[in-house]
Amino acid sequence: MEVSNAVLESWTIRPEPTFLLAVAGVIYWRGWLSLRRLTPARFGGWQLVSFLGGLLTAFVAISSPIDAFGNLLLSVHMVQHLLLMMIAPALIQLGAPYLPLLSGLPRWFTRDIAGPVLQTGAAKRLGGFFTHPVVCWLAYVGATLGWHVPFFYELTLHSSRWHELEHACFLGAGLLFWFPIIQPWPSRSKWPRWASIPYLLLADVQNTALAAFLSFYDQVLYPSYGQVPRLGSLGAVADQNLAGSIMWVPGSLVFLLPAGVIAFQFLTPKRPVGQTSAPSRGLAPRFTATHPAGRSRAMDLLRLPYLGPALRSLAFRRSVQTCMLCLAALIIVDGLRGPQTGATNLAGVLPWVHWRGLTVLALLVMGNFFCYACPFTWVRDLGRRWLPANRSWPKALRSKWLAATLVGLYLWAYEAFSLWNSPCVTAWIVVGYFGGALLVDGFFRGASFCKYVCPIGQFHFFQSWFSPFEVKVRTPEVCRSCVTHDCIRGNADQRGCELSLFQPRKQSNQDCTFCLDCVRACPHDNVGVLAVKPAAGLGFDLPTSSVGRLSNRTDLLALTVLLTFGAYAAAAGMVVPVAVWIKRTQLQLGFLPYPVACAFFYLLILIVVPALLSALCGWLSRRVSPVSLPPPWRHFIPGLAPLGAGLWIAHFTFHLFAGSHTPVPILQRLLMDLHWLPASLPLWAPRSWAFPELLDGEILVMDVALLLSLLALWRTARRLVPGGKALRVGLPWIMLAVLMYLAGVWIVFQPMQMRGIMAP
Amino acid sequence: MNRWHFSVLLTIALAGRALADGGALQFSRVSQGIQVSVFTSPGVPAAGLVELNVLVQNASTHSAVLDADVAATLVPPNGNRPGSSAWAPPICAAASSPDLQDIQLNRSGVQNLLCYGATIQIPHGGNWKLALRVARAGQVDLIEGELRVADQVAPWTSYWHLFLLPIVAVAGFVVVPRRQQRDTLVGNKVRPRSGGSS
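The listed protein sequences correspond, in order, to chains A and L. Note that this note's numbering gives residue 591 to position 591 of the first sequence, counting from 1, and the numbers run on in steps of one. Start counting at 1 in the second sequence, then tack on 1000, and there's your number in this note's numbering.
Worth double-checking, as some hints may not be accurate.
Residues from chain L that face chain A, not an exhaustive set, calculated with beta carbons under 7 Å [stated by the list, open to error]:
no. : residue
1   : Gln1035
2   : Ala1064
3   : Tyr1159
The hints are simulated quantities; they were obtained by calculation from the structure and are not laboratory data. Please read all numbers here as calculations on a predicted model, not as lab measurements. Think of the CB as a built atom: it goes at the ideal place given N, C-alpha and C, for glycine as much as any other residue.
Same shape as in the complex, but just chain L:
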């Protein structure tokens, strides 16, 4: 019995992860007095779900511009049509944008509220062209840059630690009672018996 409980304990203990986030800078451009910086999370974008964050700043004062209208378009490598979608956690299918044309980026739901963001689903790896349209006070800026997207690795590899848990737990189920038994035996050998205890 104890072995199985130990297994469950391990399962729960190992499942806990301290989370952290923070997109990594992909490129930054200055155009007509504004600086536009593009971040992605994960830092090295791979085919599948990618969080796209764009920071728009006044190029001279570096203050963030919060009233712009920002849209993004992703052009596949070599201008081909995007292929079939890469895998994404099923629950995110409704939340991510399946269309890569004119994706509206907004400041709700992003971690850093100075940024404009959206979750996009990139179908495959390659050097994608990212075109941003930033409109503000009647002025429209078009900014382009390259997004190097890695090919998607097999989805289950991102969850390896969760698949390891039952194995570790079963191993614990086997090992712990043996250790307990051995400890008891060693303890009995070391400790002289005190007769008369009831």
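If we strip away everything but chain A, and leave its shape as in the complex, we get:
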């Protein structure tokens, strides 16, 4: 590779800033689309291009070779700073980003969070202060001069944290500086337009002074640049002078060009200046009045182009299920016939690393789409062509107890028999799943297997409480006038909901497999996949169709406990200190077989600990409650569920990212086994998506989980004890949630077993 190529290819795509910039772009784009429909004259295409260009400029500044070579050449570092201070912020402000960003956020988020916060007096005063031209100018000049003081500049060259802070300051100061100049709609100018000219010229004066100093100073100002090896013939002083010139010439142009344009506008009599903002009357009412009363305005996945029709189509679902069926067949074949080491077999990798990780990510981003793609129900539907499927599921089994038992058994067996490292057993589990689905639903009516048996389904139902989408009625009024109820009863062309969920009374994703039969059955096209607030109903204990109130369902509460505390048991089982503790206990208790030691561990974590903690917290709540309480654990336990969900997400994404590329050598091996590839040695330690910042993400997930738990517990306490004593009643459970959060964070900090990965 040539040097020039190496330089040009020195890009580093860091996940965090790239993700944030991409999210900002998507939010703006959504908001811009909706605003453009309302006021096409106000939001033209150039604003979208400008905003996205600003984001792209920031991305180039922090990801391109400019960043890679900034610590070797001051001139390159200067280019990076100019991009972050002058170009990116100006382009972002030209996109008039405030309304599009607010409109592009989920509606509930804008209405319930951003709106109230922005309407507080403190936020208004703070906004007024920071957008005052004097403050904006001082912030910009202060950031420019301050960070160029050698002490601070050296700090940034030796510490990535300080460097990050410097870049954040530059971008923030740039956004403030360009605000009064561009005056993005709908903000109003505080000063007359002509004042922008001295504002820009004065900024240019300080820029010129600093640039001249760097250009003419004949000693190295920043010692680090005197020490680093030189690239090519450019010496340290020459590099510094070049940096000054870059700051001087292109930097000054950035100030002088807009000053010239404003002066020209000001001197042109027919083009009055200072009218950048039009009165916003009419916009707000149109936001609220464009939709028919009662109709949900939430985002609907089924209304999206391409995706909506695809999701609605049964053929598309069958295609996805067929793909999953083929993968399951591969897993079975390789699990039974391939090598019996987990990391070298598809049965040791695809189900335990990729499928589980992708499942929780899909649940987090969209919803229960792995039940939608379930291959077992596809085989079941095929089997029903020959099997009677006419019996009623036994009344004694119409609960979640069987499923809860299977979940508990699965959690224990996974650890006790190292299922991730037992391809053959995994293959038989998959075969058993197909057989179970075929037998249960082949002889019994409805989706009894999904509702009462399937432990995977229960996991999905549980996690999809926190999904941002729900299969839901679009307009409740339409359902009130409906007499056929096809969504549950079905019709001649389409069966109704086999899980007996009546759409108008459905309150959450519990028991919903996202099969979308109700969508296809509804004659009024009134069922969609709508955006909802994640965990919206948690803590309210609302009755939902076919499930009832959670507090009345001991079986569902037991399942909640299993899946919440099971997250802790499963994650703790793979961290070294706990694994060592289990081994030591095994020895101390007279060399118990490992499965028995595991059984003790799981009994402790899944039953004993939750029972003791619930009893203790319940007793404390009752002691301080001014009124007689129903059994507190029945109401408070669901409030702990987000912490379990958070830990499942952290745990499974950890495996997914650590073992992202593991199927590649396994497929190589498989193709060689089939003689479709020439024999060679697969690279068993492939690259992965592992990156250190994943831990930040895991902690952030636990943070959000804790906040959701606290919210649910607070709601529960307020529901049980209205008034000022609610906090006292909820406090023991809040303390328990905090303890569980700390335990979860401790787990993600521990060294973990790299399951499903070959040691390098």
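Chain A is fixed; fit chain L onto it per the hints.
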């Protein structure tokens, strides 16, 4: 309700960080016509994960040498055997090199593709000796230098901002509605009531 949403907003807003990088120079040596410069990230290396980057240049023209074979060996302070590993983010355990002998440095996966690099896990602080073997066109150069490694601070201190988030969010949950209530009260006092509005 609003208070909790505000809390979540704060959580997400404060979590965003603009990232930047750039290793800092530790030492530079010239040997047999080549200049070898060693960079580390973080700039002040501490026990735990350290990115080691080595730039090999022609000493006279300063052009980068891209076809060398570079390996590094870290010798613990006082020649002792390295102790138990320092903490590193668990996800990095598979990616970092646990062995400090003859670590192969290569140009894939480094930020600056003129450099040869690897992520290493230094077990503890002290003045480590870094020995580099640079082989190129049949010529082998051995370069040594000292790497001052700080002791590791408690791992959780690097993540303090993330632990602060729930506290800030709960504080926001308490404060925002009170401010709203106060603003409403003040607004009602200031604004004279206009009767007759329905």
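Evaluated hints:
{"no.": "1", "hint": "Gln1035", "verdict": "holds (6 Å)"}
{"no.": "2", "hint": "Ala1064", "verdict": "holds (5 Å)"}
{"no.": "3", "hint": "Tyr1159", "verdict": "holds (6 Å)"}
Hint violations for this structure: none, all hints satisfied.
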